[in-house]
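What follows is the residue order along each chain.
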Amino acid sequence: MRKSRDKLVGFLFVLPSIILIGVFVYWFIFQNVSTSFDRVVTRATKRELHPGGVANYSQLLGSDDYQHALFNLLVLTVVFVAGTMFFGLLWAILLEKGVTAEGVFRSIYLLPMAISFIAAGVVWRWLLAPGKGDQASGLNQLLAMMGLERFQSSWWQSPNSFSMAAMAIPAIWQLSGYVMALFLAGFRGISDDQREAARIDGASEWKIYRHVLFPQLSPIALSALIIVGHMSMKMFDLIYAIAGQNSYKASVPSTMMWTQLFQQGDATAAAVNATILLVLVALIVIPYLYYTNKTEKEVRG
Amino acid sequence: MRSRTVASAAIAGLVAVALAACGGTTESGGAGDANAPTTALQTKAGGAGGDVGVFTWWAAGSEKQGLDALVKLFREKYPNNKFVNLAVAGGAGSNAKAKLASDLQNNQPPDSFQGHAGAELLDYIDKGQIEPVNDVINALGGDKVFPKDLLDRLTVDGNIYSVPSNIHRANVVWANVEVLKKAGINEVPKDLKAWMADMDKVKASGVDTPLSVAGTWTQVQLFENVLIADLGADGYSGLFDGKTAWDSDGVKTAVADYKKLLGYANTASDGDDWPVATDLVINGKAAYNVMGDWAVAQFNDKGKKQDQDWTWFPTPGTDGVFDFLADSFTLPKGAKNPGGAKDWLMLVGSAEGQKAFNLAKGSIPARTDIPASDFPPYQQAAMKSFKDDTIVSSIAHGAAVSLAWNADISTAISKFYVSKDEAQLVTDLVAAAKKNQA
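For the record, the sequence lines run as chains A and B. Following the working numbering, the numbering of the first sequence begins with 12 at its first residue and continues without gaps. Following the working numbering, the numbering of the second sequence begins with 2 at its first residue and continues without gaps.
One should not assume that every hint holds.
[Said to hold, decoys possible] Below 25 Å or equal to it, Euclidean Cα-Cα: the simulated PhoX-like pairs (lysine-lysine) are:
hint: 1; chain 1: B; residue 1: K303; chain 2: B; residue 2: K286
hint: 2; chain 1: A; residue 1: K143; chain 2: B; residue 2: K204
hint: 3; chain 1: A; residue 1: K57; chain 2: B; residue 2: K334
[Stated by the list, open to error] Using C-beta positions, here's what the derived DEER-type ranges look like:
hint: 4; chain 1: A; residue 1: P62; chain 2: B; residue 2: N301; range: 52 to 60 Å
hint: 5; chain 1: B; residue 1: D248; chain 2: A; residue 2: P62; range: 25 to 33 Å
hint: 6; chain 1: B; residue 1: D375; chain 2: A; residue 2: S118; range: 40 to 48 Å
hint: 7; chain 1: B; residue 1: K244; chain 2: A; residue 2: P62; range: 24 to 32 Å
hint: 8; chain 1: B; residue 1: D280; chain 2: A; residue 2: I30; range: 51 to 59 Å
hint: 9; chain 1: A; residue 1: R221; chain 2: B; residue 2: G264; range: 52 to 60 Å
hint: 10; chain 1: A; residue 1: V296; chain 2: B; residue 2: P377; range: 56 to 64 Å
hint: 11; chain 1: B; residue 1: G239; chain 2: A; residue 2: I30; range: 55 to 63 Å
hint: 12; chain 1: A; residue 1: I126; chain 2: B; residue 2: D280; range: 21 to 29 Å
hint: 13; chain 1: A; residue 1: I30; chain 2: B; residue 2: K83; range: 36 to 44 Å
hint: 14; chain 1: B; residue 1: D153; chain 2: A; residue 2: V296; range: 50 to 58 Å
hint: 15; chain 1: B; residue 1: K83; chain 2: A; residue 2: S118; range: 49 to 57 Å
If you're looking for bench data, these hints aren't it; they were derived computationally from the structure. Note that beta-carbon positions come from the ideal geometry of N, C-alpha and C, so glycine has one too.
Given these sequences and hints, build the entire structure.
Okay, structure coming up:
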């Protein structure tokens, strides 16, 4: 009796958030998906914009512009995730070795995260200015001052198809500190006894990292990977602030969605785009949630 | 509501009613629009009363001063009404348009909102979100006070959906006097070829980038200038009603010329705003910049004097053509206070309102019956050519094409900026036209 009453009270406590999330997340997702299947005919001129149903999806997936945007997203995500993981881990190891004034360095590395993507984007728009030679500004000017003119680049506006990798630079700058904090917490969670034991057994520093510390960090590395990866797929504000509206070189599905909804007034195309993006992110996040749930259960017994 | 306005119309001596009687031809409703007004406008002295919410993106600088001047007049002339400023900040209205779109979607329209006159309003008309304002235009004097060219460009299926408040010219080259002097250029080039020859001279005099460009929309504006120069006013206007094909030889020539021009220009970032390019001319790092005449404010801000520091001429090859864009105000369907909204529209369209607004904003009035002598020299010249020249509509500023079409052209131009692939640009332009042309 008592137990079921507790359960009821508990349920009543979580009910408001169930309702709110139900409406504001799941109902809207449902709305979005149902919009994406609409058949659309313009009111005044009676042209069919979207045939309706699954054909809406093949229409978008088949368009060159969307494929270009998807490819850009892939390049951005790979470079961004690899970059943040590399710098995050590097800084965490350096700090973990016990530098003097560790707090100062930690703040310095974490600080970029405190700046909004939009504000950072305005600065990076200038830093990544494509002018070279006499017109160089931002990073290109810095390279010229160091005598490294031949490394000047048009960054994300370079003609080659992997130019989107340059857009990952500001994103890496902004989020490496966050990954560092995650790894640092992981290192701190490993007791010193284990390192001492390894040292007594004659393990080199590299071997301690390789065989003792890194294996214990893998759940954290996975979390960092998922968090940074899905941020990259949803990234809009930074790209919008750097490249402005309608930039072809910097187009990714999320900036394209903005164009579709607000410039082309095409809610259906935007909904199709949003649904595909949701599925892509879900493909990464759901297996991860499933995995963490399972391991947590195992730990709890 | 109706009986009240009808009754009030009987009050003698009302300016508006008198005007309505002069321009008293009734407009027949346009195709399929049952709400098109069929009667002359009736207004009430001192205003219809109540709150009048007006939505703009004029929140800073000269634009805000212009709006303030209008609001001051509105309070004097219509003391019954209370003006509610619903301005949303953000360049060229990109944020504002997003907010407006959701308000309209939710049936919470303001009483009047700002929009670029012309094709950009098509989106709202298509969705049935705004009402015709033929009665207001007639009451203001119709084609007796507004140029017929302009009214033709605002008319959709026989109805006019907005009252233009101000006009800007988009085919103007701004030049640095000193740089030109150093390069030995004393004459205004007649056509694109002569202009490019001048650019070679500028280059020889030691300025590497004779022409300056900024982000994507400024490139679209430069391209539209080249289109006008190569196709002529009629050929250019034909691009939007299907009379000129987007893959015609004229367009191909224009694309080739545009590519050559970009060869003289600085390397811009897609996200740069227009002052970046104008500043290059001001600093003498470039000789020319093609920009709308809001650039005058930028020269003034930096303390530069006309003829002494900077000069202007219509883009070579487009002399005698006025590439226009205009701001205008609308009457949304379901506005809470349509009477008050019409008071606002009457003020926006009145000679008094246009003079006060445009003097403060630095643009020129849409009406042609306002004496030019009160305006600064550049504006006087612009007013004269607005009266005499052939008027064509700007692509980059939503007068010629809808927002959707503009977005497709912008993406194509942005793609071309890096690839410089002429055939691809023509293909993209044709695809954009096919997708968006009515």
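* **Hints that the structure is at odds with (numbers, increasing)** => Those not satisfied come down to hint 6.
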